[in-house]
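2 protein chains.
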Amino acid sequence: MNNQKLKVGVIQQSCNNKQQDNHQSTEKQIRKLADDGVELILLQELHSGLYFCQTENTDHFDQAETLDGPSAVFFSQLAFELNIVLVISIFEKRSAGLYHNTALVIDKQQGVVGKYRKMHIPDDPGFYEKFYFTPGDHQDPFLPIQTSVGKLGVLICWDQWYPEAARLMALKGAEILLYPTAIGWDLNDDKQEQQRQLNAWKIIQQSHAVANGIVVVVANRVGFEKSEAALNDNDGISFWGNSFICGPQGELLVQADDNSKMTISCEIDINKSEQVRRIWPFLRDRRIDAYDDLSKRFRD
Amino acid sequence: MNNQKLKVGVIQQSCNNKQQDNHQSTEKQIRKLADDGVELILLQELHSGLYFCQTENTDHFDQAETLDGPSAVFFSQLAFELNIVLVISIFEKRSAGLYHNTALVIDKQQGVVGKYRKMHIPDDPGFYEKFYFTPGDHQDPFLPIQTSVGKLGVLICWDQWYPEAARLMALKGAEILLYPTAIGWDLNDDKQEQQRQLNAWKIIQQSHAVANGIVVVVANRVGFEKSEAALNDNDGISFWGNSFICGPQGELLVQADDNSKMTISCEIDINKSEQVRRIWPFLRDRRIDAYDDLSKRFRD
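In order, the protein sequences belong to chains E and P.
Just so we're aligned, residue 2 is where the first sequence starts under this note's numbering, counting upward by one.
Just so we're aligned, residue 2 is where the second sequence starts under this note's numbering, counting upward by one.
Just to be clear, a hint being listed does not mean it is correct.
Repeated chains share a single entry, so a pair holds when one copy, or any two copies, can fit it.
As the list claims (entries may be wrong) - 25 Å max Cα-Cα, derived BS3-like pairs, lysine-lysine: (1) Lys273 x Lys6; (2) Lys94 x Lys173; (3) Lys297 x Lys152; (4) Lys33 x Lys227; (5) Lys297 x Lys173.
Keep in mind the hints are simulated off the structure, nothing from the lab.
Fair warning: this is a prediction, and the values are worked out from it, not measured in the lab.
Throw the hints in and build the complete structure from the sequences for me.
This is the structure:
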């Protein structure tokens with residue numbers, strides 16, 4: 002078996018409410034990673050601004066942009082110049098009154114080569130995403146995107162809790178799973194609850210690596226963003242960072258901390274999946290004759 | 002919400018080739034746990050003997066027993082006397098030439114109230130289970146078993162690697178997932194590989210707790226069993242123990258070590274699932290309109 006080495010990087014940022022500021026600081030980190038030989042870079046969810054879904058406010062739709070809007074243009078130029086693959090995240094305006102939470106894959110000289118519209122949309126206090134984002138309606142759902150560095154299974158944040166999504170990407174030949182996310186603590190929760198939540202979030206994403214014998218790359222936001230509806234100083238989200246890259250047995254290769262703007266990167270070997278799946282051939286033994294009820298809401 | 006407390010125990014054992022010996026030592030541990038107020042006890046996979054699947058040997062079919070054979074009788078008497086729920090594991094003879102790897106659920110005074118025949122059957126060097134076990138052919142697959150202490154989603158060993166199995170149990174109302182297993186290290190692997198395998202095994206099972214907001218109970222075998230086909234002293238399986246119980250966020254509640262015959266137990270609250278699923282309502286947002294391909298072998 003041949004090795005197929007690839008240097009992968011992740012940018013973990015804090016954002017403000019000015020797209021240009023955010024793009025500039027992202028650019029600086031992208032250039033640094035590219036200088037280090039990183040060929041594939043994942044940005045966090047909605048990295049062009051604040052996480053605006055903490056409240057339901059129609060004004061925030063002003064921030065949405067089209068698939069060929071300023072973010073796509075800006076990062077395509079950068080990918081072109083640096084000859085890298087970038088996975089970016091935008092608040093997409095598809096039409097008046099129709100918006101998505103969308104990831105774009107930009108491949109070196111080729112520009113945008115694919116998009117993924119978030120399929121699973123959360124809605125709970127502080128994360129009012131169902132107000133803003135129509136769930137993805139891809140004709141053929143959970144399709145990995147072919148790039149010059151491999152077939153990328155891009156999923157977004159809340160998707161991370163669904164083994165179904167990871168599996169469908171793997172079954173379609175994804176070679177790397179990538180999760181741009183924006184998740185954090187409610188500082189009104191106690192420390193034990195915060196720790197349980199962080200651990201659960203790491204476990205579920207590492208488990209997609211294990212179940213599918215595949216590399217997983219996760220970019221999360223960092224820093225505290227106060228809610229527009231805050232009644233006290235703690236009301237907001239303390240984004241917990243912890244961006245990471247793990248190998249096809251779920252083993253952590255590199256991991257960010259919970260409070261720094263930083264980058265992480267490491268070399269991965271896409272062909273390691275072949276080796277891991279030979280010793281643990283889970284795909285061989287799936288009981289596809291017995292899985293029909295996975296398409297049910299509940300088996301009642 | 003009411004609490005619904007339940008004390009759960011797990012027995013992590015080494016075995017020899019004499020069923021009576023093994024049953025006696027299991028009985029001793031069961032009595033100890035029952036004395037401590039444990040109401041639900043999980044035994045490890047194939048706890049009546051050695052893990053015989055290290056080679057393919059037709060003589061081993063002599064060890065198989067019927068659903069009402071000596072193991073069912075022995076443990077039913079014990080469950081009756083101690084007024085507890087027991088999940089046991091047998092090498093089941095269903096007919097001449099037709100054998101299963103089967104778990105039985107024994108409920109206090111009621112005797113055996115349900116069975117589960119392992120659905121996903123491994124086959125790799127040292128684990129030649131496809132030779133011995135016909136995969137489960139339940140009419141309605143992945144059905145939890147109702148008992149006086151709750152609805153038990155019993156799965157067995159290799160099943161643990163499949164998020165599909167855990168999900169189907171949860172969708173049918175399982176309140177606890179239970180995994181009797183027999184997994185260990187090949188001492189010819191290096192320490193890093195051994196650690197990756199153990200961690201992967203913990204992660205994937207904790208992830209079923211996370212994905213489904215449900216308690217997971219795992220019993221694993223411990224100790225080294227030399228292969229009948231050993232060419233050197235290392236040829237065999239060093240079962241890695243690490244039996245554990247985790248809560249519905251995947252948080253470890255109690256965990257055994259990797260080399261001791263021991264019991265673990267703790268109190269769980271089945272209603273915690275309700276609370277956890279309210280803050281992380283993953284079942285609400287499954288994209289059942291987009292999951293059809295989970296019933297395909299591969300999406301090619």
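Practice prompt. Check Lys297 against Lys173 for me: Cα-Cα at most 25 Å, and say if that holds within a copy, between copies, both or neither.
Written response: both (22 Å within a copy, 10 Å between copies)
Discussion item. When Cα atoms must be at most 25 Å apart, do Lys33 and Lys227 count as within-copy, between-copy, both, or neither?
Written reply: neither (30 Å within a copy, 53 Å between copies)
Discussion item. My question is about Lys94 and Lys173: at a cut-off of 25 Å on alpha-carbon distance, are they close within one copy, between copies, both, or neither?
Written reply: neither (28 Å within a copy, 39 Å between copies)
Discussion item. I want to check one pair: Lys273 and Lys6. Are their C-alpha atoms no more than 25 Å apart within a copy, between two copies, both, or neither?
Written reply: Intra 10 Å, inter 44 Å, cutoff 25 Å: intra-copy only.
Fill in: Within, between, both or neither: Lys297, Lys152 at alpha-carbon 25 Å
between (29 Å within a copy, 20 Å between copies)
Hints 2 and 4 from the earlier list are contradicted by this structure; the remaining hints agree with it.
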